[in-house]
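Trainee: So the sequence lines, in the order shown, correspond to chains A and B.
Letter by letter, the first sequence follows residues 1 to 291 of my numbering.
Letter by letter, the second sequence follows residues 1001 to 1283 of my numbering.
Derived from the structure by calculation, the hints contain no laboratory data.
Please note: incorrect hints may appear among the correct ones.
[Unchecked claim] Below, computed lysine to aspartate or glutamate pairings styled on DMTMM-like, alpha-carbon distance capped at 20 Å: (1) B:1041 with A:134; (2) B:1041 with B:1052; (3) B:1108 with B:1176; (4) A:205 with A:193; (5) B:1048 with A:148; (6) B:1041 with B:1060; (7) B:1108 with B:1169; (8) B:1048 with A:134; (9) B:1064 with B:1227; (10) A:205 with A:190; (11) B:1048 with A:149; (12) B:1041 with B:1244; (13) B:1108 with B:1177; (14) A:287 with B:1169; (15) A:106 with B:1012.
[Stated by the list, open to error] Label-pair distances were calculated between CB atoms; the ranges are: (16) B:1081 with A:216: 36 to 46 Å; (17) A:283 with B:1171: 26 to 36 Å; (18) B:1241 with A:148: 28 to 38 Å; (19) B:1031 with A:143: 14 to 24 Å; (20) A:48 with B:1182: 43 to 53 Å; (21) A:40 with B:1199: 24 to 34 Å.
Values in this document were obtained by computation on a predicted structure and should not be read as measured data.
C-beta atoms are modelled at their ideal positions from N, C-alpha and C, and glycine is treated no differently.
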Amino acid sequence: MSSTLALPESGAAVQARSARLTPWQAWGLILIVPYMLIFLLFVVYPVGYGFWIARHPHSYVQLVEDPIFVRSAINTLMFLVVGINIKMMIALMLSGFFVQARGWIKWLSVIFILPWAVPSIPTILSVRFMLNPEWGLVNSLIFRLTGEDGPNWLNDPTIALSMAIAVHIWKSLPFWTLILIAGRLAIPADLYESASVDGATNMQKFRYVTWPSLRTLYLTSTILSMIWTLGDFNSVYLLTGGGPADMTHVLATLGIRYLRLDQVDMSMAAIVCALPFVLPLVYFMMKRLAK
Amino acid sequence: MRLPSLRAVGTEAKLLLIGIPVLIWTMLPLYHMFLFSISPKDSAFSGKLWPDHPTLHNFEVVLKQQHYYLSHFWLQLWNSLLIAVATGVFTLLIATFAAFAISRLRVKCGRLVMNLALFTYFIPAAFLAVPMYRTMGSYGLLNSQWALTLAMVTIATPYSIWVLKQSSDQLPVELDEAAIMDGASPMQLFWLVYIPLMAPALVAVGTYALLLAWNEYLYAFLLLSKDTSVTLPVGLGNFLAADDSPWELLMTTGLIYALPPAAIYYTFKRYMVSGLTAGAVKS
Chain A
1 MSSTLALPES
11 GAAVQARSAR
21 LTPWQAWGLI
31 LIVPYMLIFL
41 LFVVYPVGYG
51 FWIARHPHSY
61 VQLVEDPIFV
71 RSAINTLMFL
81 VVGINIKMMI
91 ALMLSGFFVQ
101 ARGWIKWLSV
111 IFILPWAVPS
121 IPTILSVRFM
131 LNPEWGLVNS
141 LIFRLTGEDG
151 PNWLNDPTIA
161 LSMAIAVHIW
171 KSLPFWTLIL
181 IAGRLAIPAD
191 LYESASVDGA
201 TNMQKFRYVT
211 WPSLRTLYLT
221 STILSMIWTL
231 GDFNSVYLLT
241 GGGPADMTHV
251 LATLGIRYLR
261 LDQVDMSMAA
271 IVCALPFVLP
281 LVYFMMKRLA
291 K
Chain B
1001 MRLPSLRAVG
1011 TEAKLLLIGI
1021 PVLIWTMLPL
1031 YHMFLFSISP
1041 KDSAFSGKLW
1051 PDHPTLHNFE
1061 VVLKQQHYYL
1071 SHFWLQLWNS
1081 LLIAVATGVF
1091 TLLIATFAAF
1101 AISRLRVKCG
1111 RLVMNLALFT
1121 YFIPAAFLAV
1131 PMYRTMGSYG
1141 LLNSQWALTL
1151 AMVTIATPYS
1161 IWVLKQSSDQ
1171 LPVELDEAAI
1181 MDGASPMQLF
1191 WLVYIPLMAP
1201 ALVAVGTYAL
1211 LLAWNEYLYA
1221 FLLLSKDTSV
1231 TLPVGLGNFL
1241 AADDSPWELL
1251 MTTGLIYALP
1261 PAAIYYTFKR
1271 YMVSGLTAGA
1281 VKS
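Here chain B stands alone, though its shape is the one from the complex (with noise of 0.2 Å):
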């Protein structure tokens, strides 16, 4: 009888062996940014791993705008919400649309398209940037948030309608048969009976397109230069121009800025998981 208990404890043991590292990897980086967070400034650097007087002061600057870094904390975070919901809503518009007219409408040019956006996917997005920042420049969008929107649309998209390609052609082929002999119209079969199908798929579409522009750094930099127009990420990169930055004040507003799409995915990883991971890579 102790045998097979004392075997289980050896494979206990292992995974926890596995499992201790990998608990201590992920978690590193991101204790250290809520370890400044609530250090105060001086103690910030004494390499504890927890301090002796830990505080709530950091927030509290900068949720009161209370350092120059910080004069537009809430305009920029305000800036990258707008940019991502933007992004998120235009990118389900257009990627519906061409998913709907490629899957469902057979659209005769429906595979060149696909092809297309495929093939924009796999460029990778640094890449573009410098072209797409010229080309901003001679449509005479620079410094306007619609630069960092269009572009997060145009980079979004190509993925979002493969995913929602390949979950409309799941949808069964009497669907339109029946829609077609109740004499629905196309666009009634797509409000009507496409979209309320859709909507898990699209949920996964909405987040994707929404967290990529709320988390971009390059494209936002390059294309925004006003400090009052500018997304959060690059109000925080500018924190690097100087030595003598306030490392705790950064840290608070990273983790400040990195908690809503936090949330995000957990609320919606359901949908994340099985709408994009299963989509990114079908064997």
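So that you can see chain A by itself, here it is in the shape it has in the complex (with noise of 0.2 Å):
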């Protein structure tokens, strides 16, 4: 009934639009103009801006002859190759710790969350306290333990480096380990059933049941992270500022280093850079989310 009366008027409304606008689409077009103008006004005009401002090539020679932009870019591929693969790994291993029915269990999660859920400025100041050479916790308890004294943690770049991870790790960790419960928690349970009938190890559980199902989620996920993770200013700038020596910047904070030294092109031309690397995976998650 309903199909046979919107026949004839959606030929009807083909028409009028081919006329006039319907005042569907006259509103629709009303109702998406202030998103347009934000996008406008604050993402076009800013992102022309930027090239423009990157437009001479002298700055690009002068950013590949700083040795703090080579040493960044290395940092920030440390940060998503090995930080990314760690936290992606741990969050896989504890979304299977986390399906498993315990009251105690269920209690850790809601606290499993707390570093997600508060904001990261205190709590990486706290860390860089925790971690400060004298009065810091961690080396008062080396100490009190062993006698001896703690590491120089923010002094040595590659303890200070993967020390930031660390703190990118605490933060981030909590969201996806939910999204890949999420994950687990929609496998059917009977394929385990039938898995355990059959005798089953949880090695091959995992093997030929789990991991299927997550191998597409676990992808996504991986790769929507290192796009994050390259915007996260926090976790370096609070915790190491980039020092000791300018040496543990990532792009993400190499560009406010730039502005400070009223070097703007050079900020932007950092970010030009890194664009070949980032588009192809921009690209990548739209085509999985743009269905």
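Hey, can you piece these two chains together into the complex? The hints should help.
Mentor: Quick look at the structure:
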């Protein structure tokens, strides 16, 4: 009934649309204007401005010759390749832990979300104080337990960067674990039951049931996490400030460093250099989500 | 009879072997913050896991603004609240309008707008920070709280539109048809049918935008600079300017600043988890 009614009406709607806007289309355009304004004023214009600032070839020459830029690029890669993969693997394991039906695990999962729920500024500063070589809690404990001085955590570029990665993991691990828990809960329980009947070990259950179902989600999460981590300014800036000797900068903090030094062209050039790596990831994500 | 129970104990022990490190890892920075906030100044650095004389003195100092770094505590807290609420409200309005136009009114350029929004969502916000700073400068908005609000709305809307469009697409088509039959105008459909049905998703998106703005540090310190106009995280960052900063006060302020978002998160967890995590990565 409704389909026979709808058919001639939609035909009429097409005719009307070719003549003039229907009220529905007109309202649609009006309602979309606020977002388009925001987009034009605060995305298109800044991005265009950014490219315009970064138009001089000599900015790029200067950039490549700057050892701090090279170091930042390596640091960013370490952050993405090592940090993200460790984080996602831990998240995958923990998601298996948190789906166990136990009262205390349910309570633990509520606490486990805290790092994601609280703002990162105070917690990163808390870690920064904890790692202070003279007064910090960590070195005090090391001294009391072993009688020796602990490492100078944030004064060694490698340790400092590792700590920044650890802070990043601390903050975002709960989110990705939550995502993978949702993925695991979506796997039909009878798959596991029939695997048990066939005498599969836990390892085999993971290999043949869990992993095939989670694979796509895991890959998507990893790529999305990489894109987001590129913009992780707080973990590095608030923990190490880029130090010691500007050795722990990542691309997100480098831009601000150049801005402080009044070298905005370098700041923009650094971001333009990152685009060939970022845009394929963005393209991949858009293909996946824009369905 | 004893064997299975032994095995169960073994499994439980294995689970505890994961659970206890997870608990310590999660709580350590947070407990450390709490520890500082209840420690008197001289014993904060003793490296003890519980102070000899726990005190609420730090909270008193912060709430009464009795320190140089804290002379604008209440004002900065208010700024944070104002900007977070404004961001939440504007994001909700703009994103709901857009999602309604794209999903229900099927506006012609809807697909293009959705793709532009998604693209913006995937550009790391830190990449946009410097050009945004210069842009706000050329609009003459620097040091105005509008600059931060608008920047946060810009960052929050793309994802909000996407989440709202996803849940909006799940509403039955018959809804619009029935509304048209009854002679409803698009705006009547929007306010009387669409908004009430979308309420859970709207809560999720509003909370997301609110927390995003409350937690923001990078844009806040770039776009605002006056002590009286900055938000609380910038005030916290300013503690780092000096080596002899009062850490116990910084941690106390940080704790106060961290409580509202945590409370909001746990209150709306139901909506957040279904609306955001399920939507963030659909497989």
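Trainee: It remains to establish, for every hint, whether it holds in the given structure.
Mentor: Hints, one by one, checked against the model:
1. At most 20 Å may separate the alpha-carbon atoms for a hinted pair to count; residue 1041 of chain B and residue 134 of chain A meet this at roughly 16 Å.
2. With a C-alpha separation of about 12 Å, the suggested pair residue 1041 of chain B and residue 1052 of chain B falls inside the 20 Å cut-off, and the hint holds.
3. Under the criterion of a C-alpha separation no larger than 20 Å, the hint pairing residue 1108 of chain B with residue 1176 of chain B is consistent with the structure, at around 17 Å.
4. Our distance criterion of 20 Å between C-alpha atoms is met by residue 205 of chain A and residue 193 of chain A, whose separation comes to about 10 Å.
5. At roughly 17 Å between alpha-carbon atoms, residue 1048 of chain B and residue 148 of chain A fall within 20 Å of each other, so this suggested pair holds.
6. Taking the CA atoms of residue 1041 of chain B and residue 1060 of chain B, the gap is near 13 Å; set against the 20 Å cutoff, the hint holds.
7. For the hint linking residue 1108 of chain B to residue 1169 of chain B, the alpha-carbon distance of about 16 Å falls within 20 Å, and the restraint holds.
8. A hinted pair counts as satisfied when its Cα atoms are at most 20 Å apart, and residue 1048 of chain B with residue 134 of chain A qualifies at roughly 14 Å.
9. Under the criterion of a C-alpha separation no larger than 20 Å, the hint pairing residue 1064 of chain B with residue 1227 of chain B is consistent with the structure, at around 17 Å.
10. Pair hint residue 205 of chain A plus residue 190 of chain A holds up; C-alpha atoms about 12 Å apart against a cutoff of 20 Å.
11. A hinted pair counts as satisfied when its Cα atoms are at most 20 Å apart, and residue 1048 of chain B with residue 149 of chain A qualifies at roughly 16 Å.
12. Our distance criterion of 20 Å between C-alpha atoms is met by residue 1041 of chain B and residue 1244 of chain B, whose separation comes to about 12 Å.
13. Of the pairs offered as hints, the one joining residue 1108 of chain B and residue 1177 of chain B holds, with about 19 Å between alpha carbons and a cut-off of 20 Å not exceeded.
14. For the proposed pair residue 287 of chain A and residue 1169 of chain B, the alpha carbon gap of about 18 Å is at most 20 Å, so the pair holds.
15. Proximity of residue 106 of chain A to residue 1012 of chain B is assessed by CA-CA distance (about 14 Å); at most 20 Å being required, the pair is judged to hold.
16. For the pair residue 1081 of chain B and residue 216 of chain A, the beta carbons lie near 41 Å from each other, so the given range of 36 to 46 Å is met.
17. Roughly 30 Å separates the CB atoms of residue 283 of chain A and residue 1171 of chain B, a value that falls within the hinted 26 to 36 Å.
18. At about 33 Å, the CB distance of residue 1241 of chain B to residue 148 of chain A agrees with the hint of 28 to 38 Å.
19. Roughly 20 Å separates the CB atoms of residue 1031 of chain B and residue 143 of chain A, a value that falls within the hinted 14 to 24 Å.
20. For the pair residue 48 of chain A and residue 1182 of chain B, the supplied restraint of 43 to 53 Å holds, since their beta-carbon distance comes to about 46 Å.
21. About 30 Å separates the C-beta atoms of residue 40 of chain A and residue 1199 of chain B, a value consistent with the hinted range of 24 to 34 Å.
Figure legend: structure checked against the earlier numbered hints; every hint is met.
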